[in-house]
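Undergrad: Heads up, the sequence shown is in the numbering used here, so the first residue is 252 and it goes up one at a time.
Be aware that one or more of the hints could be misleading.
[Claimed, not checked] Simulated restraints, written as ranges between beta carbons of each label pair:
no.	residue 1	residue 2	range
1	258	293	31 to 37 Å
2	292	258	27 to 33 Å
3	257	292	27 to 33 Å
4	277	257	34 to 40 Å
5	254	308	29 to 35 Å
6	256	303	15 to 21 Å
7	276	256	14 to 20 Å
Worth flagging that the hints you see were computed from the coordinates, not collected in a lab. On a predicted model such as this, the values are computed, not experimentally measured, just so you know. Heads up, the beta-carbon is just placed ideally off N, CA and C, and yes, glycines get one too.
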Amino acid sequence: MSIYRNGKSVSFTIQNALIPVDSGYETADVQVVNNCISAIAQNSTAAKIVIKGKNKLRQPGLINAHTDYS
């Protein structure tokens, strides 16, 4: 996920996203800086732009996870 403002990438935080771990899922904040995940932690300091991630699954590289069959 990338967010651009005036042609430049901006930092943002996805708060309370579901992160897959060996035992299931944990809730954590995901910090994104320069289009790269810079930190995954619980209760981190949020960037100016915050995306609510409650009940949302965060998996790097997974884009548009649905498929339509005809």
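Undergrad: Each hint: holds or not?
TA: Consistency of the hints with the structure:
About 33 Å separates the C-beta atoms of residue 258 and residue 293, a value consistent with the hinted range of 31 to 37 Å. One distance hint, 27 to 33 Å for the beta-carbon pair residue 292 and residue 258, holds here, with the actual separation near 30 Å. A beta carbon spacing of about 29 Å between residue 257 and residue 292 agrees with the range 27 to 33 Å that was offered as a hint. Between residue 277 and residue 257 the Cβ separation comes to about 35 Å, which falls inside the hinted range of 34 to 40 Å.
Residue 254 and residue 308 have their C-beta atoms about 19 Å apart, which leaves the hinted 29 to 35 Å range violated. Range check, residue 256 to residue 303: Cβ separation about 19 Å, and the 15 to 21 Å hint holds. Against the hinted window of 14 to 20 Å, the Cβ-Cβ separation of residue 276 and residue 256 comes to about 31 Å, which falls outside the hint.
Hint compliance for this structure: hints 5, 7 are broken, all remaining hints hold.
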